[in-house]
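Chains as they are written, first to last, in this note's numbering: chain A, 1078 to 1255; chain B, 177 to 734; chain C, 12 to 117; chain D, 3 to 513; chain E, 722 to 1347.
Treat each hint with caution, since some may be false.
[What the hints assert, rightly or not] List of simulated lysine-lysine pairs, DSS-like, C-alpha gap at most 25 angstroms:
{"#": "1", "chain 1": "D", "residue 1": "K395", "chain 2": "B", "residue 2": "K234"}
{"#": "2", "chain 1": "B", "residue 1": "K403", "chain 2": "B", "residue 2": "K417"}
{"#": "3", "chain 1": "B", "residue 1": "K234", "chain 2": "B", "residue 2": "K213"}
{"#": "4", "chain 1": "A", "residue 1": "K1239", "chain 2": "D", "residue 2": "K169"}
{"#": "5", "chain 1": "B", "residue 1": "K403", "chain 2": "B", "residue 2": "K691"}
[Stated by the list, open to error] If you want the ones that stay clear, here's a sample from chain A, every Cβ over 12 angstroms from chain D, calculated:
{"#": "6", "residue": "F1083"}
{"#": "7", "residue": "S1166"}
{"#": "8", "residue": "L1172"}
{"#": "9", "residue": "V1178"}
{"#": "10", "residue": "L1218"}
[Unchecked claim] Simulated restraints, written as ranges between beta carbons of each label pair:
{"#": "11", "chain 1": "B", "residue 1": "H560", "chain 2": "E", "residue 2": "E1172", "range": "53 to 59 angstroms"}
{"#": "12", "chain 1": "A", "residue 1": "G1139", "chain 2": "D", "residue 2": "P222", "range": "39 to 45 angstroms"}
{"#": "13", "chain 1": "B", "residue 1": "V224", "chain 2": "D", "residue 2": "V437", "range": "41 to 47 angstroms"}
{"#": "14", "chain 1": "B", "residue 1": "V224", "chain 2": "D", "residue 2": "M486", "range": "16 to 22 angstroms"}
{"#": "15", "chain 1": "E", "residue 1": "W1182", "chain 2": "B", "residue 2": "D566", "range": "46 to 52 angstroms"}
{"#": "16", "chain 1": "E", "residue 1": "F745", "chain 2": "B", "residue 2": "V224", "range": "44 to 50 angstroms"}
Treat the hints as calculated values from the structure; they're not laboratory data.
Here a beta-carbon is modelled for each residue, glycine too, at the ideal position from N, C-alpha and C.
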Amino acid sequence: MIDFLFYLFAVLTVVAALLVVLSSNAVNSAMFMIVSFVGTASLFVMLQAYFLAILQVLVYAGAIIVLFLFIIMLLDVDRVEKRKSSKLSLVLSVLGLALLVGGVLTLFSGDGGFLAVAQVETPAASYSRNFGYELFTRYLLPVQVAGFLLLIAMIGVIKLSKRPLSPPLAESVRAESE
Amino acid sequence: MDLLIDNAVTRAVSNILEAAFLSKLELKALLLGSSIKLPIIIAFFLLVVRPLSESFVKNLATVGFFFPALVAGFLWGSFAISSTDEFLFCSEINTGLQDFGISLKLGLNGISMPLYLMASIVGLAAGLYAVNSGAERLSIYLALLLLMFGGTLGAFASIDLFFFYFFHEIALIPTFVMIGIWGGRGRRSAAMELTIYLTLGALVSLLGLLSVYFQSGLHSFDIVTLKEHLGELGFSVAAQKYMFALLLFGFGILVSLWPFHSWAPRGYAAAPSSVAMLHAGALKKFGLYGLIQIGAPLLPHGASQWTGLIVWLALGNLIFIGFVTIAERDLKQMIGYSSVMHMGYAFLGIACLSSVGIGGAVMMMFAHGLSVALLFLLSTCVYHRTQTFDMFEMGGLGRQAPLLAGFFVAAIMATVGLPGFANFWGEIAIFVGLWEYRPWLLVPAVAGIVMSAIYGLRAVARIFFGEPSEEFKKVAAESTVEDLHMNERIPAILLLLALVVVGFWPKSISQPLNKAVNAVYPLPIETAEIVPSHSSHSADIASSLSTRLEGFNVVSDN
Amino acid sequence: MNVGLSSYLTVSGLLFAIGFFGLLLRRNSLITLMSLEIMLNASNLALVSFSRFHAVSGSSMMSGNIFVFFVITVAAAEVAVGLAIIVALFRRRQTIMVDALNELRD
Amino acid sequence: MPITENLEKYAGYAARNTWEIILPEVSLAVLALVLLVLEMVLPERRLALVAKIALWGQVAVLLVGIPFSSYAGEVILGQTSFSGLLRHTLVSEVMRIFFLLSSILVCHIGSIYLERQQLSRVEFFHVTLVVTAGLMLLTQSNHFIMLFVALETVTVGFYVLVSYCRKSSRSLEAGLKYLLLGACSSAILLFGIVLLYGAAGNPLLHGSSADPMNFAELGPFIAAHPDNLLVLVGAILVLAGLAFKIGAVPFQIWIPDVYQGAPTPVAAFLAVASKAGGFVVLLNLVTGPFQALQDVLVPLLSTVAVLTILFGNIAALTQRNVKRLMGLSGVAHAGYMLVGVVASFTVDWAVYAILFYLLTYMLASFAVFEVMTVMAPSEDADQEIDDYEDLAKERPFLGAVLCIALGSLAGIPPLAGFIGKLLIFVAAFQAELWVLLAVSVIGVVISIYYYFGWIMAASFRTVRYPPLDDAEEVPRVWPQESSMSRIVLGCLTLATVAIGFYQGLLRFLLV
Amino acid sequence: MNLPLLIALILLIPLLAAGINLVFLRRHGWAASIVSVAASGLVLLFSILTFLRWDGSDQSDSIPWMALGHFEISIGYYLSPLSVLMLLVVSFVAFWIHLFSVGYMDSDTCKGRYFGGLSIFMFSMLGIVVADNLFMLFIFWELVGFSSYMLIDHYFERPAAAEASKKAFIVNRIGDFGFLIGIIWCYGEFGTVQIKTLEAVVAMDRSVLVTGMGLCLFCGVLGKSAQMPLHVWLPDAMEGPTPVSALIHAATMVAAGVYFLCRLYFIFTVDALTVITWIGTVTALYAALCAVCQSDIKKILAFSTLSQLGFMVAAMGLGTRVGLDSGAETAALLGVSAAMFHLTTHAFFKALLFLGAGSLIHACHHEQDIFQMGGLIRKMPWTAVTFTVGVIAISGVPFLGAGFFSKDAILYLAYKHDTAVWAVLVMAATLTSFYMGRLWVVAFFGQSNSENVAQARESSWVMVLPLAVLALCSIAGGWVNLYPEKFLALLQAIPHPQGGDFTLMLALAFGCSLVGLIGAWFVYGPGAARDRLQVHLPKPYRALSRRLYFDELYDGFVKKVQQPLADFLHFADMLFISGLMVRGTAGIVGLMSIIVRATHVGSVHAYVYWFLFGVILYWAFAVGWL
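Let the hints inform the model, and build the full structure from the sequences given.
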């Protein structure tokens, strides 16, 4: 049963990811990405990382993909993408994919070094608590840094998207864009 | 007479000097150090501080040029008295790299003393000419020339391998800038070619120096330490071969060893005359000096393995470039080529790896530095009067400028190796060295002096003698052609005087030099089998002579 | 074949390869950005799987999980900045195709 | 596991978060926040104050914070803090100063640039300060989580900075290119970290660790299993990620485009600080956990170094755009430093040679970039070497600074750059890396051509031909540098020359 | 004053005079001439003093001048009868020529340079004479070459003078090429170049000698004494002022080669001596033939000089060879004696002839063509008389001139030992009197053939006095018994014909000289305005007047071989070294740069492929493919 669920979610994740890449419509891509991320979240659950699974769904599916969709709508991208990738590009990228898949498979196929099954079970409650404790004691510094990371990202986004403040500059920008 | 010169005069001079300066070696070391630092400091001062009045700039620069020359003269005097084969006037300053065995060590021995002296004379002449040359942006021009001067002196006075290299590069960069800014036709590409070539050479030689440093395992860049300890330890023959190759080709490029010479004529032709004087005269000798002071003594086996190749390349310099010089019609390029050609002699001298050959090479370097500087100076003087460097567009200048003609003839005669000029002694010593090394080499080597006579005299005849060419008539009609001015005359006299003094009194250079080369090159490595037989042959003769000679005298009296 | 660590890792590896494939293939900068997310996600999956399977009593291998937390944060920040740049560029050039971005070249 | 015991453990973790040790970083972060507040509080006409506060605030951090943390740090030099997240060594202490200096210079150049381009200031300084703090933490990271977070802070900050001039589509284009490629490299780096984590955490293997992301625990494991495929692939993927930062072949390809598009101060920041950050991490890794992988890494890094030197120099040879030129020449410099990295496997002090090199590189690069900023036309991506003709005549000071800085970059004695190169060469010699030495020499010789070509353009007389048609020649307006610029450039140049003559100034690196 | 000091003074006084003249007196011609004449007077005085102090034995002393390793060059003197005789001859002739110059150059504007040059010449020539070793000799050998260059070039505005001086120096250099090799060879072989020591070494064992070394040394003589095939410079050197021609290119410098041969007579092997003999013999005949077909008075005298030098060289070669064969103690000096005797007399009469010619030229406003002259005997009686003495002397009219004794000795030597040489030399001697007769007859008798000559007047006393003195010497110089006792050992080695030989040689001498002189009178006639030989034998005349095309041959070599080779190598230097090697490398790197730069296509896609390539590359290292 567990195996079946694994295969289900694994296939779902991988196929959805592939469709993200292959679908010509950006909206479709975004939708498949939700599927892929939910699949990943399910795998997280199977790996007993419940908190992360929730985080995955909330952050990715809930925030990031929405952001993507919002931008896609805003820019009206479907109007834009007309040209198809060239044959050469397709052949080369498939070749690249084959190389990467080959590499990954050689890396992970040998089961000598890897454990077949998990050794210990992690109770959900203690998992989350430990996660929190670790995060805010041992990894407090990275958390603070990550906070600043988000802060500068935010500042940057504001800076990049807000209308210019000074009137003469704004005029010049408008004049150029028109 | 010998005693007279050796004892009475020098003793008296030394007594006076000792009385005046308390014979403090520290004082001399201080003087040596400051003779290198002062020009550099003045250079930076001139570069940084402005605006300055022109007369102040001139005076300050003149001080910067004069001081090292005076110090060099004084040190030379006291060196001649001391007659030692070691480094004198040593001083040491730590600059922060002493953990690598690097510190600013200065000092002079019999090999570097002549070159240091020569550099200071050439620098003084070039400087005096530059001060009154009326170049644009004079203070920068003089500052860069002073920097070059200080670097050149430093390179010859460094005992530390690192600073030996370092000072050379200090001098090299102003060369580039000055050619580029104040140079003549084609200056950009010439400056670039010169810089790239010389940087390549310098880097290769740097690798060679580093290899000496590492292979020795002494953790020292000090030439004296290296020499002392390598006597006992030495490098393996195979290692020496590669190490010497690095030094040979690195330094060879710096000295325009054939076929790495193409930068020299072009660069010198484009360079302003003071730069050409200082570079071709003094700085270029750096590479040869490196081979003589460092390469061959530290890596004798390596050197002996490469002498075969050195000989062939040196013949390339002599014969190939000799012919090229004959065909050249641009005066400045011709002088440039001739300086390349004469480097062939120095390389042949080095190839001998004997005290005669190498001593000859040093004397040759000393003399060539002075004479080629003089030629570059005079060629510019010619240019100012004829407005061209093309010798086919000159002629008959001797009528208007007899003094210039006289100096030029003297300079050419010095280059040709006429006795009475310093060049002769070096050449003849090299020839003697060659005989001991490989007798057949004498034929091309001596043929070289015929070739230099051909192009030298041809140039003299084209420029000064005969009827003026149509072009020169036009130039002479437009403006009055005057003889040498004072600002041209003084440097020329300075250089010529040095050439003649050493020409008539070679001992002044050869005596300390001889001690040094004898200490470093006791017997040539490769010809070790040959020379003893020679010397024993002559010793045989000498011993049997002394017995027979008495009888001979008796017979002749009867 | 039993489902084990290598199975999860294979999925992760495939995701990584697909993400890279997307970078190679697609010219739409939005989808390129999505592909990057897939690549980061692949690492997340591997991290969680390693944590899970390598945990023994006494060592919970929590650092892997914590790392995932940071990766998600970083991914969000990257996407935010990336989308802001894309929007700003679109305003000036009316395109989001990466191969149209060749004003800077030799 | 009883909770109380756990709590004690976590309390222990918390107790080890000794924030005073990273006081400079904290101060920078606070300063960054203060700037944001000031932006809101100050009236619009006083906003120029922000730049001054940013600049002098950093100087204050440099003068007060660093000594303080060094005082605290002296006790723990060679020790770890924050439960093993940070490790304090001489290298990290020096690099903190290095990054702070870079940041001050970037802010100084940035204020010139922003004023010229009429861009808002506060975000620039804010992001720069946070990035600098991130870089300073990066040098001290001893744990992959810390490393990754700090690195991404830096990287995301740079995404913002590169595309900062948003009225210029080139800046935005450069930003997007940098973002896509940077994120790709981050993903590769991350995947590598994961593989290392997976390999070293495997309890079946001898020497496995409970916290395999900690360098101190990763090292012994790798030493025990240098042939493990996961370890090897993980290590090279990490190196690939770092290669992007330092601009090593073949991850150097983005550099000219991004440098050209990025605002000049940001390009300087990228060229110096970002590259230095990559090198410090690389050094921490190869002298730390990756030391045992030298059988693989030495050939790999050697090949990369050779290719990097050759690519950078050859590509720069005929480059006329000065920003691209600086980018490509920076690639070459990365190559020389990689030689030092390879040497550091066998020669201990090679690390300090690289630091020395970085310092000299910083001095010279910032001087060049500042001159470029002063000289920049309105679209500063379009600066060509030809634009510098007559510089020395019209602006002798700028000309002299440019020449000396370029000379130092070319490695010409008596300038500092030469000593840097020399030390690298000496280290390489000691490590017997003959091929690398030969390639370096070739590279230096090639580099002479383009550096001196630029010097030539700036300082040599140029012959002006009158225009062919009767088009009126617009007299060129030569920008005037501010007195502050003069002081800064003077200091940079002076330091370059002084270090060239007296290396004792950086002697603490050479002990 | 002791000997070393005297010798030092003899060398230093002219040097000092030269220095003063060239440095300070360039614009003060009169002062310069006084300084130089005074210097040469002092030199003459000190030479005589030296002679008086000298006890007649071989004396030498030296001080080391430069040493490198085992190589040492010393400066010293070596007095022997040979060198003291030469010293006296040189200083004596030089003094009178200096004096003559004062008159001859009185209107010249560059007297300072001229007299400076003369003094340098004195310094260097005297250096050659006293030199005790070969290196020192070489030094001064080169210096006389330089002073010769400088003085030939006195009228440098004339292209011909510029050309001639250059030619003289370069040809001498070519000779010195061999000379220097020979000296170094000698040094390498024996470990010393002290002449005295060498003599002793060779005396012990002649088998150590090498023919090649001797021939190399002889190369120097070829150049300096202008023997074939390096004779081409001497006729051209007549472009210099006439006193210079007299002093340097007739009496002293060119004789230095012969002096050198005599000084080192022992160093040549028999084979080398044979070569030397024949070169001298051929030169004697060739030059005499050429002299017949010149019309320039100085050129005639120049070829005459060449011819006489040929006599000396031949005499030295032949005599030494004979002496060595005979094995007697003094027999080795046979050739030296003959050559030196002729050298001495030649110095007197050739200086006389040249000065006489100078006097003519000066009076005739630099007209040098003898066919433009004529009838000068009436206008310039003193010159004519002294010149006649010279003609008699050089023609070898028995008992009347010094030339008879010295030349007769040479002919007798040849007659006794080598008939072929004798036959050639007799022809040369006959031709000598013929061309001298031609000159004498055409220039002095008959009518003036040009305006310039018609206005000629006798020269001033400063010019006539030297003529008179030298004329006296030209008469008395042949009487060996007049020479001081100290030289007798040297000069009495000359073979004297006895008995039947005496009669034969006397008849021969009468025949040669009178046939030549009288023949000339009849062929040309007094004061002829054109050359009858040129009219009747145009082809041989042209060939001989063009010196048998030697100059053309050498010019051809320079133009067709040397210059094209130089141009070719110049081109090769440009093409291969500057071009292909340097520019080519730069070009290749530049091309690579363009290719490499082209990889920056600006597309993120392409860059991602680079990243993929990078990952694969790194992977390859990780798994050990690379």
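Violating hint indices (sorted, rising): Result: hints 10, 11 break, sorted rising.
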